[in-house]
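Visitor: Single-letter residue listing:
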Amino acid sequence: MKSEMIFSGIGGQGTILMGKLVCTAAAAKGMNVTLAPAYGQEKRGGRASCQVVLSKEIGSPVISEADTILVMDEESFKDYEKKVKAGGTLIINSSMISLTTARTDINVVEMPFTEIATNLGSARSSNMVALGAVVKTLDIVTLEDVKEVLRKKMKPQLVDVNLKALEAGYNFTK
Amino acid sequence: MAEKVFMQGNEAFAESAIRSGCKYFFGYPITPSSELPEYYAKKAPTEDLVFVQAETEVSAFNMIAGVAATGKRAMTATSGPGFSLGCEAMSYMAAAGLPAVVVDVMRPGPADGDILAAQGDYFQIVKGGGHGDYYTIVLAPYSVQEMSDFGRLSFELAEKYRNPVVVASDGMLSKMMENVELPEKIEVENNFDWAITGAKGREHNVITTCALGPEQWEQFNLDLQAKFNLIQENEQRWEEFQTEDADVIIVAYGSVARIALTAIKIARENGIKVGMIRPITLWPFPKKAFDKYPDKDYFVVELSAGQMVEDVKLSVKDKERVEFYGRLGGISPTPQELFEKMKELYTK
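Here the protein sequences line up with chains X and P, keeping their order.
Residues in the first sequence are numbered from 1 upward in steps of one, following my numbering.
Residues in the second sequence are numbered from 1 upward in steps of one, following my numbering.
Worth flagging that the hints you see were computed from the coordinates, not collected in a lab.
Built from N, CA and C at the ideal position, the CB exists for glycine as well.
Any given hint could turn out to be false.
Unchecked claim - The list that follows gives simulated cross-link-like pairs (lysine-lysine, BS3-like), each with its CA atoms no further than 27 angstroms apart:
1) P/Lys273 <-> P/Lys341
2) P/Lys23 <-> P/Lys42
3) X/Lys56 <-> X/Lys153
4) X/Lys29 <-> P/Lys4
5) P/Lys185 <-> X/Lys153
6) X/Lys2 <-> X/Lys155
7) P/Lys4 <-> P/Lys127
8) X/Lys82 <-> P/Lys265
9) X/Lys136 <-> X/Lys164
10) P/Lys42 <-> X/Lys152
11) P/Lys43 <-> P/Lys185
12) X/Lys56 <-> P/Lys265
13) X/Lys153 <-> P/Lys42
14) X/Lys83 <-> P/Lys265
Unchecked claim - Listing some non-contacts, in silico: residues in chain X with all C-beta distances to chain P over 12 angstroms:
15) Gln41
16) Thr101
17) Thr114
18) Thr137
19) Glu148
20) Leu158
21) Glu167
Isolated chain X (complex conformation):
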């Protein structure tokens, strides 16, 4: 049982936090988890991404092809579109990305994270909408596992709105 994913966006969009939450949920279930972050030297506006591996065994933190890739901005889309494994899922932040993929061998989910989060009253929760979409593609970690982590890790006043955002992302696709 192994799941490999990449989260990529611009610094401040919460991509590394998403990776941490998934890892924390998987680690609580006894999985070996590896999160390898990468970010530029820029204080603002640089690329921020992470590669996440959930597995029974210990292996490479660097991913050849991922099961799930989340891209939050157009530059990330261009860099990672081709790294989705055949049969895997590419999740696209359509609030910021107007490009479309020509690939037909993968599942494509286009979701306006910012609009969905804004409608829920918290534009800043758009990364939780995105996380919901990612969790939908996973077997190892369930929606309830991630909710549990949010309840434990977040400030109490932020829990409700982020849980709602997470569910909205999860339930966006059937």
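Chain X is fixed; fit chain P onto it per the hints.
Guide: Below, chain P without anything else, positioned relative to chain X:
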């Protein structure tokens, strides 16, 4: 078994060092090592630690030398540019027999370079770095668990041999987060008979890097060399993965060894029998590991233009059977990329 925590490599090392009785940290922040000083600074008020942000690495390295001379555990952490500045002190600590610990989180150079992962400091760390005939013990962790484990082992080895120990991490390993089992906290009360602790009621101890006269200085050096020989005999450490039946043995350390684990799997699924020797000590280099397999092909992978590969060539029977692949600039190869390279080299 203690509970596992999800933690970053740098922080795991710092927490482990604190739990291993290292109460003194002197350093100057530099990416990708900065979480180490940050962690010590944060914990200093509540854990009874001494933390100083020095004005430069030159000072930080000399500060740990000073504390180590008193027999207490002290460390610093830096990256390549800072390690270069500390090399003068490394030479003095090696000569004086001071058991300090230095973490070098390698990033791509030369000069400022970038802040991602690299292994281009191998020559500098493993071959001395400073002036004169000396070596430091060099440990190369490959997981956050080993970052934690070596937060203790590094001090034990440094004190056992009265020699500085360098932990060679890289920008991937140090920033990476994994679940890790931390060691139990211990209190360390060293009473070394050589330490400078105030000479009340006893003869003065002298820690020196100086002996007057060529004969005396040659003897000083011969004593050092005798110690280095002993370390080479006793402390070669490595780990083997599927080496017995392998036709090709990858040689890799640090985060590259992790990438190789998955590459081995892909290669075996595709009919190439690959194994790995993973050096855990870069100095002493684990020559003994290679004696067991004189008739195999070796494939060395590094995040450098080829540095450890020289030691591999010195350790094998036939250096013509050693191939090298390296990436530069902060790029780590994917497991698939390593497999493709092996396919090209080893299938006709």
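Visitor: Hints first: check each against the structure and report whether it holds.
Guide: Hint-by-hint comparison with the structure:
no. : hint                  : verdict
1   : P/Lys273 <-> P/Lys341 : 14 angstroms, holds
2   : P/Lys23 <-> P/Lys42   : 13 angstroms, holds
3   : X/Lys56 <-> X/Lys153  : 24 angstroms, holds
4   : X/Lys29 <-> P/Lys4    : 11 angstroms, holds
5   : P/Lys185 <-> X/Lys153 : 26 angstroms, holds
6   : X/Lys2 <-> X/Lys155   : 31 angstroms, violated
7   : P/Lys4 <-> P/Lys127   : 36 angstroms, violated
8   : X/Lys82 <-> P/Lys265  : 22 angstroms, holds
9   : X/Lys136 <-> X/Lys164 : 15 angstroms, holds
10  : P/Lys42 <-> X/Lys152  : 23 angstroms, holds
11  : P/Lys43 <-> P/Lys185  : 14 angstroms, holds
12  : X/Lys56 <-> P/Lys265  : 14 angstroms, holds
13  : X/Lys153 <-> P/Lys42  : 20 angstroms, holds
14  : X/Lys83 <-> P/Lys265  : 19 angstroms, holds
15  : Gln41                 : 6 angstroms, violated
16  : Thr101                : 21 angstroms, holds
17  : Thr114                : 27 angstroms, holds
18  : Thr137                : 21 angstroms, holds
19  : Glu148                : 14 angstroms, holds
20  : Leu158                : 20 angstroms, holds
21  : Glu167                : 24 angstroms, holds
Checked against the numbered hints given earlier, the structure breaks hints 6, 7 and 15 and satisfies all the rest.
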